[in-house]
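Trainee: Whenever a hint applies, use it, and build me the whole structure from the sequences.
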Amino acid sequence: MRIATWNVNSIRARVDRVLAFLERQQVDVLAMQETKCRDDQFPSARFEEAGYQVAHSGFNQWNGVALLSRVGLEDVQVGFDGMPHWGEPAAAEARAISGVCDGVRLWSLYVPNGRTLEDPHLGYKLRWLAALRDTAAGWLAAAPESQVGLLGDWNIAPRDEDVWDMAAFAGKTHVSPAEREAFHALVDAGFTDVVRPHAPGPGVYTYWDYTQLSFPKRRGMRIDFALASPALVTRVQHAVIDREERKGKGASDHAPVLFDIA
DNA sequence: ATGGCTTATCAAATAAGA
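For the first sequence, counting from 1, position 200 maps to 200 in the working numbering; every step adds exactly one.
These aren't lab readings, by the way, just hints derived from the structure by calculation. The beta carbon of each residue, even a glycine, is placed where N, CA and C say it ideally should be. Hints should not be assumed to be uniformly reliable.
In silico DSS-like links for lysine-lysine, alpha-carbon gap of 30 Å or less [said to hold, decoys possible]:
1) Lys249 x Lys36
2) Lys36 x Lys217
3) Lys217 x Lys249
4) Lys172 x Lys247
5) Lys36 x Lys172
6) Lys247 x Lys217
7) Lys172 x Lys217
8) Lys247 x Lys36
Per label pair, the in silico range of CB-to-CB distance [what the hints assert, rightly or not]:
9) Arg115 x Lys217: 17 to 27 Å
10) Gly82 x Asp16: 36 to 46 Å
11) Gly171 x Trp62: 20 to 30 Å
12) Gln61 x Ala20: 18 to 28 Å
13) Ala143 x Val204: 24 to 34 Å
14) Ala143 x Asp188: 12 to 22 Å
15) Asp165 x Glu48: 40 to 50 Å
16) Pro120 x Asn60: 11 to 21 Å
17) Val15 x Gln212: 22 to 32 Å
18) Asn60 x Thr211: 35 to 45 Å
19) Asp188 x Asp81: 13 to 23 Å
20) Pro89 x Gly248: 38 to 48 Å
Mentor: Right, dumping it as structure tokens:
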């Protein structure tokens, strides 16, 4: 089974490209982030025609997460227990959706950005990650053999080599100790990055800013990850970051991240 | 060096991304 995660940065602007990607890479399950639309605007029919079941959560033009599966999509859940709220009035955002695909519970996660180190959004980001850790740790405590994948845009560069130049990120989010600790708390809870061993750095990224010719200059960030529970890790055979999808007209600023399980 | 692209939105500036 081939599983992928991709921040598509608007599904309506990218649907043809996503369909071509699914065909080219023969993807069985795709977790998408930043669909940037409401449920009624999501192009479900296009994916159903291609043989995929669809689950989407989107409330407005911000955020939005989805799952596509051609190997079954059962017990869909929107949000996770204890997921923090944001905004005025405070409400749950469309940043988490999951379903069971051929026995594996896969999550599509869009971790809050954080914006700046002084912004309240950073506290929201850290609370969101802490709540995810607590809830996900509970799943493994209750069922240690459960197969769970936490896939998505984490908006964190866990290592210095995960950004093109640490000096350029001095005083910025995504590389702060607090954010990195929040990421490692998930790892410590039993969720392993299944892609890095197959796509080691330095210089290996999943995101490149649209501005300043970042992509051709190879100035990127590794911020999209697929983390797997212990029972799922043992099934992983291969993984790759599809850099080709960042090329050309109409590309998302993120590249898809794929892995195969036996 | 200033957010220098890209997307969405009550459609022209603004918010958000990271």
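Trainee: Run every hint past the structure and note whether it holds.
Mentor: Results of checking the hints against the structure:
{"no.": "1", "hint": "Lys249 x Lys36", "verdict": "holds (19 Å)"}
{"no.": "2", "hint": "Lys36 x Lys217", "verdict": "holds (28 Å)"}
{"no.": "3", "hint": "Lys217 x Lys249", "verdict": "holds (17 Å)"}
{"no.": "4", "hint": "Lys172 x Lys247", "verdict": "holds (27 Å)"}
{"no.": "5", "hint": "Lys36 x Lys172", "verdict": "holds (25 Å)"}
{"no.": "6", "hint": "Lys247 x Lys217", "verdict": "holds (13 Å)"}
{"no.": "7", "hint": "Lys172 x Lys217", "verdict": "holds (21 Å)"}
{"no.": "8", "hint": "Lys247 x Lys36", "verdict": "holds (21 Å)"}
{"no.": "9", "hint": "Arg115 x Lys217: 17 to 27 Å", "verdict": "holds (24 Å)"}
{"no.": "10", "hint": "Gly82 x Asp16: 36 to 46 Å", "verdict": "holds (37 Å)"}
{"no.": "11", "hint": "Gly171 x Trp62: 20 to 30 Å", "verdict": "holds (25 Å)"}
{"no.": "12", "hint": "Gln61 x Ala20: 18 to 28 Å", "verdict": "holds (24 Å)"}
{"no.": "13", "hint": "Ala143 x Val204: 24 to 34 Å", "verdict": "holds (33 Å)"}
{"no.": "14", "hint": "Ala143 x Asp188: 12 to 22 Å", "verdict": "holds (18 Å)"}
{"no.": "15", "hint": "Asp165 x Glu48: 40 to 50 Å", "verdict": "holds (43 Å)"}
{"no.": "16", "hint": "Pro120 x Asn60: 11 to 21 Å", "verdict": "holds (19 Å)"}
{"no.": "17", "hint": "Val15 x Gln212: 22 to 32 Å", "verdict": "holds (28 Å)"}
{"no.": "18", "hint": "Asn60 x Thr211: 35 to 45 Å", "verdict": "violated (25 Å)"}
{"no.": "19", "hint": "Asp188 x Asp81: 13 to 23 Å", "verdict": "holds (20 Å)"}
{"no.": "20", "hint": "Pro89 x Gly248: 38 to 48 Å", "verdict": "holds (41 Å)"}
Against the hints set out earlier in the document, a violation occurs for number 18 only.
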